[in-house]
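There are 6 protein chains.
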Amino acid sequence: MSGIVVQNIQRAEASVIDGLARCGVATVHEAQGRTGLLASHMRPIYAGARIAGSAVTISAPPGDNWMVHVAIEQIKPGDILVLAPNSPCEDGYFGDLLATSALARGCRGLIIDAGVRDVRDLTEMKFPVWSKAVFAQGTVKATLGSVNVPIVCAGAAIQAGDVIVADDDGVCVVPRAQAAAVLEKAKAREAAEGAKRTRLGAGELGLDIYDMRGKLAAMGLKYV
Amino acid sequence: MSGIVVQNIQRAEASVIDGLARCGVATVHEAQGRTGLLASHMRPIYAGARIAGSAVTISAPPGDNWMVHVAIEQIKPGDILVLAPNSPCEDGYFGDLLATSALARGCRGLIIDAGVRDVRDLTEMKFPVWSKAVFAQGTVKATLGSVNVPIVCAGAAIQAGDVIVADDDGVCVVPRAQAAAVLEKAKAREAAEGAKRTRLGAGELGLDIYDMRGKLAAMGLKYV
Amino acid sequence: MSGIVVQNIQRAEASVIDGLARCGVATVHEAQGRTGLLASHMRPIYAGARIAGSAVTISAPPGDNWMVHVAIEQIKPGDILVLAPNSPCEDGYFGDLLATSALARGCRGLIIDAGVRDVRDLTEMKFPVWSKAVFAQGTVKATLGSVNVPIVCAGAAIQAGDVIVADDDGVCVVPRAQAAAVLEKAKAREAAEGAKRTRLGAGELGLDIYDMRGKLAAMGLKYV
Amino acid sequence: MSGIVVQNIQRAEASVIDGLARCGVATVHEAQGRTGLLASHMRPIYAGARIAGSAVTISAPPGDNWMVHVAIEQIKPGDILVLAPNSPCEDGYFGDLLATSALARGCRGLIIDAGVRDVRDLTEMKFPVWSKAVFAQGTVKATLGSVNVPIVCAGAAIQAGDVIVADDDGVCVVPRAQAAAVLEKAKAREAAEGAKRTRLGAGELGLDIYDMRGKLAAMGLKYV
Amino acid sequence: MSGIVVQNIQRAEASVIDGLARCGVATVHEAQGRTGLLASHMRPIYAGARIAGSAVTISAPPGDNWMVHVAIEQIKPGDILVLAPNSPCEDGYFGDLLATSALARGCRGLIIDAGVRDVRDLTEMKFPVWSKAVFAQGTVKATLGSVNVPIVCAGAAIQAGDVIVADDDGVCVVPRAQAAAVLEKAKAREAAEGAKRTRLGAGELGLDIYDMRGKLAAMGLKYV
Amino acid sequence: MSGIVVQNIQRAEASVIDGLARCGVATVHEAQGRTGLLASHMRPIYAGARIAGSAVTISAPPGDNWMVHVAIEQIKPGDILVLAPNSPCEDGYFGDLLATSALARGCRGLIIDAGVRDVRDLTEMKFPVWSKAVFAQGTVKATLGSVNVPIVCAGAAIQAGDVIVADDDGVCVVPRAQAAAVLEKAKAREAAEGAKRTRLGAGELGLDIYDMRGKLAAMGLKYV
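Residue numbers (my numbering), protein chains in the order written: chain A, 5 to 228; chain B, 5 to 228; chain C, 5 to 228; chain D, 5 to 228; chain E, 5 to 228; chain F, 5 to 228.
In case anyone wonders, no lab produced these hints; they're calculated from the structure.
There's no promise every hint is true.
It does not matter which identical chain is used: a pair holds within one copy or between any two.
Each computed DSS-like pair below joins lysine-lysine, with the alpha-carbon atoms no more than 27 Å apart [claimed, not checked]:
#: 1; residue 1: 200; residue 2: 219
#: 2; residue 1: 226; residue 2: 130
#: 3; residue 1: 80; residue 2: 200
#: 4; residue 1: 189; residue 2: 200
#: 5; residue 1: 226; residue 2: 145
#: 6; residue 1: 219; residue 2: 130
Nothing here was measured: the structure is a model prediction, and the numbers come from that model.
Turn these sequences into a full structure, and let the hints guide you.
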């Protein structure tokens, strides 16, 4: 099953990808029916990054980062590396040298359900990473994995070329074929939220804006 | 048991609440006999916030944030929302729209033994949250919970109107009826610490200041 | 086994210690054959600190910080306190008063496989701590532990006088007797990395720099 | 707050307690409106035990089992010891000697949000324990806690004299004053379940028995 | 995305499924290239069960077991229910009544990345369950999920009709289309292991049987 | 640091080892001053095993069980394999084939801070294992580790030849040089416990047997 590199993956349109980045994780997640989130243990190494890009997926053995080198060759500008270990691992697969290499290829960031190191350097380089751990543990280059095959990363099924959206709230995956439609819904949601925000900010209650009082009473809510 | 909203809760005096905020979590915790802390997994979404307020409690089903809307109506200026899910959950019950609404009512922050989202916006709005997780997972509005009933949040028993103190060290609850007495003890403790800090900073040892050497020797401590 | 304070520990040379601090955790860990890391749950209370120093070790009962006072007397300028509880614990053994005292003795920081409190104050004082938890829970002074005995802290065996290196990547221990040799290897590694960084930054691939293509093909890697 | 032993606690009627034991945790939990469960990490040391009894509560410092000795004197036949450490701890507060002593007083078992040891002996003695951990770590007798004060154990608020129900599903607490009413509801629930079990066992579907098809269709469920 | 029930799923041949059950999880996992395992937190409620069957998948909201009723109608004899909550949850979605219903439809067991209750009854009924938790927490029937859609359960991507193999080692999924081929490889592996077991049992070393000494020496292994 | 096999390790006397097995983990742990326990996550794969033996230590890369084969050659009858991965891992390093081989060499069991598989077979073979996980995940044979070097396993520092004691309470290590002395203390403790057990079983209280009432009163314990 391992030992495969898929070379020519399809990607969503750049304008769609960038639009999704602007919407952010929470909005995109809602827009696609509350799906696509990676687990909450995927945390950014620094606050404030907000990116989207096409997934270059990596399936890697525990404690072995050989496939990261293989994957970097597959990066096109605007891509995001997404690494899932074959079994739970928090070793530091990735550090400042690999980030330098990935950046040189136009990579926008890394999503890794394992560890990352050199986080001070990565922060200075503005190379954002969402990871399960910060851990300096070194890795070997001894066993094959695969690149651009379907993976499950932090509980989410991801195909190469899917759109990854990541910000301070975490990480969300949008299937490539649905990216444009999801963007439309996300924008619609944002527009709708603007009006609500104004009303809520003026002190109006959600109970009234969303007309919840009747339903709550019908369910039996009692004020005492 | 669910489906109840208690409307007129009693609160501690504003000056007492604000005094507790100035003392901070560690001091208040010590002042009330080392009680009242919420579990250490309750972390702030940004560093530097330091608040106290009266608890408006929310008991909510997992993945259902309907009761947050109900609770917001019960907020008086200076209150803090405190949400405990009925069973372990890390969904994102709360985001920027609810924060906008809560802020409009005078809410000082949120304590939630579950997830929060839109943390970048909340940080910009200076709406502090202490939570178990940052997670964008959306929630439904389908099942009743209760507002202002006694809850257990992150291991601490909390009644509506109790004083919540929260800062970078975590979260502490002070029973309403004891708030004034705890504040007195906390201030006394702070005063006592000032003198100790000066002596310790000058290089004097705790072993001497607290007169520990004799007791340590009596217990059998051996220097080799 | 408890109740012992070892007073005159040996330390590595100051220049070696400072050299290791400049290299940082990831490089030092690699230089000594990928050993010495403390577990990834040991996180800094603020970003950006980068220290090295000689370990003054503390073996402490759960929830009892008496031995910290004993240990502070043993600190020489440039030392780092390293505390391991006898059994898993996340209580707040250490806060601003103890930090004031430790700083007065020349202490560079604290490594604690338990909790720490007053983190806002510690951050302002620039007293760095790597801990398992931030937790205000108070501790007692009732039971003996030991100071400067061998401990296991967060999965790493540490002797008093070993060199501790800590930065945003975590914490690494270097056996005292090997510190100078490890520093040499770390410097060599840094030098070698500089050249690689330049080539990778120019877009050259690791696959080529490290001559991996042949070995990957021999292992059976397939491009499709 | 610590250092108190409440001596004369009220207990529910023996027949009510024994009736709740027969109903079991899941049924009792449902009967009281889905409340009262302790966290799922509370697991039995052996399968098959099914008990109920009046809670003798213990609030104990981490790693200090002195109060267990104090609590055993307070046991009346049919009681259950319930221990919550002041802060997270998994030390082995309790083993075969304490079990021998507790059994001699008529104790029915132990609920402990910490560790237990000698589990082979306890199993042979048929002394059931629900605990967070099995861990041999010894404890000291140095610091006071309290007995029969209100505690939060594994996420549940428990008063001395409340009824504890425990079986292979975990642990549930029933407030003493509600015990008789909860037993009535639990019995009613059991009776209702018998009929349902027969119909379900005969192949009838819950969709039909509970008349769910219309509501599901109204909610938009689509069969494809 | 939710609210869909796929009715006519394809299944692997019964003889293939039963053959995979006999091989067991570890062998099947190896035979398909070390893929398909669910996370190690999926533990059986009792020891000794060893089953295989076709997956009837359930995507369910947290704390809401309505879709289990919907799924039971879709069961054919020999199937296994596989439930993944939309977000992390350990509530008790399933107990003895649902097991009675599932058994009446020919269901062989349940795989659930959440909680289960009535485990004493399920054990007596010989209805095996692999779950993340044993927890009596009740669930509601208020929100739609889906049945027989692709899910990620405990880190593994599962399609309806895939073959689930489960035993004391955990749970493995075999894609339906590969089931027959995997069975062949699993049988071949078993045959090969028989001979090795005999030699190893006679005291021959793996170092010699697998001819490892030369490669180890070449890698630099040193005997001292 | 890796790639070393220490061949001729020293072992404690067989009679001492067997005596420690009879005393069990809790007693041995107490007898050596409450030291030596491995973390509580090390659980037996079946109940009832109670062993002691000399440690043959294995330091292994994550997901790589090559060194287990190397270690088996070093086993003498009565030894116990003790494996610590270089970084956190729960892969199944060990199954029925390796157990067959180890048993043929006289091995008494396995202590592994990682995963084990084929647990049904191991149970039938009566080959006891204490592990962090049961997990079928296969491992590779690609990278060197070491055998019979000092390791830290589940938080305990272990040297080759140290005595491992393991039973239902967990695992404890006794330094080889102290084994005989620890056995004497353990026997003395057992003898003393016998008398206490009789008195406690007769209803006498620990408060009286250990003469605690005065000290408790002096500390301020209040009966209300």
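Status of the hints after comparison with the structure:
1. For the homomeric pair residue 200 and residue 219, the shortest alpha-carbon distance inside one copy (20 Å) is at most 27 Å, but the shortest distance between copies (30 Å) is not.
2. Taking the closest pair of Cα atoms, residue 226 and residue 130 never come within 27 Å of each other, the shortest separation being 52 Å inside a single copy and 33 Å across copies.
3. For the homomeric pair residue 80 and residue 200, the shortest alpha-carbon distance between copies (21 Å) is at most 27 Å, but the shortest distance inside one copy (39 Å) is not.
4. For the homomeric pair residue 189 and residue 200, the shortest alpha-carbon distance inside one copy (17 Å) is at most 27 Å, but the shortest distance between copies (44 Å) is not.
5. Only between protomers do residue 226 and residue 145 lie at most 27 Å apart by alpha-carbon distance; the minimum there is 17 Å, versus 63 Å within a single protomer.
6. With identical chains, the CA atoms of residue 219 and residue 130 are never at most 27 Å apart, being 48 Å at best within one copy and 33 Å at best between copies.
Checked against the numbered hints above, the structure breaks hints 2, 6 and satisfies the rest.
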